[in-house]
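**Student:** The listed protein sequences correspond, in order, to chains B and G. Take 1 as the starting number for the first sequence in the working numbering and just add one per residue. Take 1 as the starting number for the second sequence in the working numbering and just add one per residue.
There could be a bad hint or two in this list.
[Claimed, not checked] Just a sample of chain G residues kept apart from chain B, beta carbon distances all over 12 Å, derived:
id, residue
1, E29
2, N96
3, K111
[As the list claims (entries may be wrong)] Taking lysine-lysine pairs in the DSBU-like style, the calculated list, with each CA pair at most 35 Å apart, reads:
id, chain 1, residue 1, chain 2, residue 2
4, G, K43, G, K111
5, B, K89, G, K43
6, B, K102, B, K89
7, G, K43, B, K102
Because the hints were derived from the structure by calculation, they are not lab data. Positions of the beta carbon are idealized from the N, C-alpha and C atoms, including for glycine.
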Amino acid sequence: MNPSDAATIGANTTVVGALRGDVPLTVHGRIEGSVQLQALLTIEAGATVEADVEVASLTVHGTLTGNVVAADRVTLSRSARVTGSLRAKRLQIEDGARFQGKIDMDEA
Amino acid sequence: MATSTFGTKPAAAPSAGSTLGPGITVEGEISGTDPLVVQGTVKGQVRVQNAVTVDAGAVVEADVEATELRVLGALAGNCVASERLEVAAAGRLIGNVRAPRIAIAEGAAFKGQIDMDVP
């Protein structure tokens, strides 16, 4: 197992509820509910996350609906489709990404 | 970084299943058809049409449905395995169990009812 991939939600797996942790998580499947992760959350292409997300950092290649608070960095790649609010210290949106919602980069 | 031809992004690796590492807690329901390995904590329900492994160090408080269930950690909940249930020597299982084939290793802890009369 790749140690940087300590946690993986497979393409044919659905998690409904609250997910918490402190290791990097890669989602190929589906999460509904909430995610609190003191590490990098990666939402791969084809993955769907409908959740409020509180993470250290976030990379989206797939679909995310929900409110995001990232302590550090958010990256929306060109295949990302995101609906909701984003709060992050650093934000990168690649050309081609689709985003609808509110962005807050204030360091409150 | 994997090598790729023609500068295209390497195709996403075929799903190798789901792994919930030692630092992960899920409260809710996990379902699907991927094999699942739990090394962290799961509370709620697990319904997987594939193999489920409760790995050493894992704490699962959930009813579990799987084809094949291996318990190397701690599992509290009622279990249905359509093919096979195995409790390894380090495993601890509390709950009622239904499976056509059951293996409990010497040293394992088990408390509950066993039903092997699966149609």
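**Student:** Is K102 of chain B close enough to K89 of chain B, meaning Cα to Cα at most 35 Å?
**Tutor:** Holds, at roughly 14 Å.
**Student:** Classify the label on E29 of chain G as holds or violated, using whether its beta-carbon is more than 12 Å from each beta-carbon of chain B.
**Tutor:** violated, 5 Å
**Student:** Does K43 of chain G lie within 35 Å of K89 of chain B when you go C-alpha to C-alpha?
**Tutor:** holds, 33 Å
**Student:** Taken at face value, is the distance from the CA of K111 of chain G to the CA of K43 of chain G at most 35 Å?
**Tutor:** Since the Cα atoms of K43 of chain G and K111 of chain G sit roughly 19 Å apart, the hinted pair holds (cutoff 35 Å).
**Student:** Is the nearest CB of chain B more than 12 Å from the CB of K111 of chain G?
**Tutor:** holds, 26 Å
**Student:** When you look at the beta carbon of N96 of chain G, is every beta carbon of chain B farther off than 12 Å?
**Tutor:** Fine: 23 Å to the nearest Cβ keeps N96 of chain G off the interface.
**Student:** Does the structure keep K43 of chain G and K102 of chain B at a Cα separation of 35 Å or less?
**Tutor:** holds, 33 Å
In summary, the one numbered hint that this structure violates is 1.
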